[in-house]
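One line per chain: the protein sequences are C and W, in this order.
The letter at position 30 of the first sequence is residue 30 when you use the working numbering, and the numbering goes up by one with no holes.
The letter at position 188 of the second sequence is residue 188 when you use the working numbering, and the numbering goes up by one with no holes.
Rather than coming from a laboratory, the hints here were simulated on the basis of the structure.
Treat the hints with caution; some may be incorrect.
[What the hints assert, rightly or not] Listed next, with one range per pair, are the computed distances between beta-carbon atoms:
(1) W:443 - C:129: 30 to 36 Å
(2) W:267 - C:212: 46 to 52 Å
(3) W:297 - C:196: 24 to 30 Å
(4) C:129 - W:293: 19 to 25 Å
(5) W:404 - C:55: 50 to 56 Å
(6) W:404 - C:140: 45 to 51 Å
(7) W:286 - C:150: 53 to 59 Å
(8) W:443 - C:104: 49 to 55 Å
(9) C:214 - W:297: 31 to 37 Å
(10) W:443 - C:138: 42 to 48 Å
(11) W:315 - C:146: 51 to 57 Å
(12) C:141 - W:267: 51 to 57 Å
Quick caveat: nothing in here was measured; it's all calculated off a predicted structure.
Yeah, the Cβ is synthetic: ideal placement off N, Cα and C, and Gly gets one too.
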Amino acid sequence: MKLLVIEDDQATADHLRRNLTDNGHTVVLAANGKHGLTHAAASAYDAMIIDRMLPELDGLSVVKRLRATANHTPILILTTMDGLDDRVEGLEAGADDYLVKPFAMPELLARLNALARRPPVNTVQTSLRVGDVNLDLLKREVRRAGQPLDLQPQEFKLLEYLMRSDGRIVTKAMLLEHVWGFHFDPQTTVVETHMSRLRAKLDKGYDRAMIVTQRGVGYRLVA
Amino acid sequence: MSPNAVWVTALWRNSRLFKTASFRLAVLCAALFSIILAALLFFNYFATSQALEDQMRARVKDDFTTFSEEVDSEGSDAVIKEITERIAKPVTFGSYFYVADESGSRIVGNIDQVPIVPGWQKLSAVNANKSNTERGHEVWGQGKIFPGGFFIFVGQDAHHVLAEQRGLVQSYLWSGILAGLMSLLAGLVLSRSFLRRIDDINKTSLAIMQGNLKERVPIRSSSDEIDKLSANLNQLFDSNQALLESLKQVSTNIAHDLRTPLTRLRHRLEEAKVKGKTVKALRGEIDSSITESDQLLATFAALLRIAQIESGSRKKAFARVNLSELGERVFGIFQAVAEDEGKKLQADVTPDVYCDGDGELLLQALVNLVENAIRHTPNGSTIALRIKAPAIIEVADSGPGIPTEQRDKVLERFHRLDHSRSTPGNGLGLALVSAIASLHDTKVELTDNGPGLRASLALQPA
């Protein structure tokens, strides 16, 4: 992917550039909001990573200006820990996702992947299909190889999110946010519990497991 | 400068009395009082003088009526005769007469000269030819010109009126001075007592600023404005003391709680340096170190989140929150989690319970309470999640509970029942719930569930 990173902290910017490049992305760096806007206007990017606190022009203003010029490039905002309202403000300004600094690189990569391949907003899907699993969104039914699976509502939501992720890695934080609406770290094994239950129903009796754990990163549904 | 002036200046400089608002008010009151008093006395003086003069007029009028009738009936000679007789009699003391002919020259009289004009006259420094009135007199009286130019003046000595007036002025002056001084004195006494109480407040705040946090303003039983101010200040000082103490406690706790994982992290890195012979072994140590630092960061994030919630900025985003839906959702998510931990989570949710608040934070509060119950109860325990009308969130468990004296403490940051800090968790869960409760103008009520703990939050129904 071709990425624009607007980050004023040199250490963070270098860290981002190195890791993103190592993962096969092309990175353009901008050290302040104004330069960022110039870069964003000059060429097209697959996604942008914008720091919330920037000199000259702050991150939120950059996002607002981009959206005002009908630039719909997916944007991920980086915020500091103490900004409780940052997420809401960031999303309201037009960003697509946010990540709190300091972050783990796999988390950023997973979120970037999810952002860049976000499906068009206005398509209405009534069913999802990955491999031999079929999920009917209207009837709330799931079948694997034609056999109905008896899923609890939480397991259904979890599977739906995994299927929509289209084989990409989803992190624990992404699952908590999108499946359960938790914008905080629970102190219990919420994700693991529901994942193991879903696994037991989805993969039991089949020689090939669809849910794959990426150690230290997250989960992936493979066809 | 004269010694007196020096003394006055010194008094002025040294005494804050003269600079106080209460003293200025006392002076103002005294001045106002004096003005009112002066107006009253002036009116009184005027009325008294008028009354005395009216008495004189009445007496003169009586005489005049007699003379006028005599002039009409018996002619002017009879009157001249009568007046001459009256003047000669010693009983006419205080009465003055003057009769003049048409040419204006005196015919008879005990006054040297009277202007030949009709009407009421006040003659000052009259030279009277009476033996008992040596000094110049003031004579007030009535003059009348009869047809043909005949003139009669009948007057009375006004000295008693004047003496009365002088007496009034003198007594008024003295009582005025006395009243002014007394009201000033009263003002001073009042302002002194007022000042002393303000002084108490000043001394107390100074002592607190210097670090003596336990100092409080003394309160009298009069429950006046100063007492109310003192009581309010004392409350402020109480919360200030509590805040400072909790800050101290929190700082100490943070230091303790962060030192342990930091030490562990350091040990891991040291060991990795010494023992990490293979790439695989090094990776393992590094992974563990990352996990350790992630936990530290999570603790920091939780601390910052509590501080953010306490700042109250989220209050502006309050909206109607469906607590029933929230309860069902949390129950749906955690029923399986509790089951995996060997505990039973039950839900008792009253439908359509709404409150005014921050949905995201209330979700976290409920999740924290449920997770707390799951983590701190033994196997086989039952946990009840209840949403009750009008707007109450309640989580009750059948675990060991919390001793009464510890219940307030567990809501503080990093406070744990287990002092070894060996149980997992950062010790911030309940502190966060408490902060969320405060944001919603309520408190986390921890009560005995007999057995176990019952935690409830009574929110504002909406």
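The hints, checked one at a time:
1. Separation of residue 443 of chain W from residue 129 of chain C is about 51 Å and departs from the stated range, judged on CB atoms against 30 to 36 Å.
2. Distance hint for residue 267 of chain W and residue 212 of chain C: a CB-CB separation of about 34 Å, inconsistent with the stated range 46 to 52 Å.
3. At about 26 Å, the CB distance of residue 297 of chain W to residue 196 of chain C agrees with the hint of 24 to 30 Å.
4. The given range of 19 to 25 Å is broken by residue 129 of chain C and residue 293 of chain W, whose C-beta atoms sit roughly 41 Å from each other.
5. Residue 404 of chain W and residue 55 of chain C have their C-beta atoms about 54 Å apart, which keeps the hinted 50 to 56 Å range intact.
6. In this structure, residue 404 of chain W and residue 140 of chain C meet the distance hint of 45 to 51 Å, their C-beta atoms being roughly 48 Å apart.
7. Between residue 286 of chain W and residue 150 of chain C the CB atoms are about 42 Å apart, so this pair departs from the stated range of 53 to 59 Å.
8. For the pair residue 443 of chain W and residue 104 of chain C, the beta carbons lie near 37 Å from each other, so the given range of 49 to 55 Å is not met.
9. Evaluation of the 31 to 37 Å hint for residue 214 of chain C and residue 297 of chain W yields a failure: the beta carbon distance comes to about 21 Å.
10. For the pair residue 443 of chain W and residue 138 of chain C, the supplied restraint of 42 to 48 Å holds, since their beta-carbon distance comes to about 45 Å.
11. Between residue 315 of chain W and residue 146 of chain C, the C-beta spacing of about 53 Å keeps the proposed range 51 to 57 Å intact.
12. Under the hint 51 to 57 Å, the C-beta atoms of residue 141 of chain C and residue 267 of chain W, about 53 Å apart, fit the expected range.
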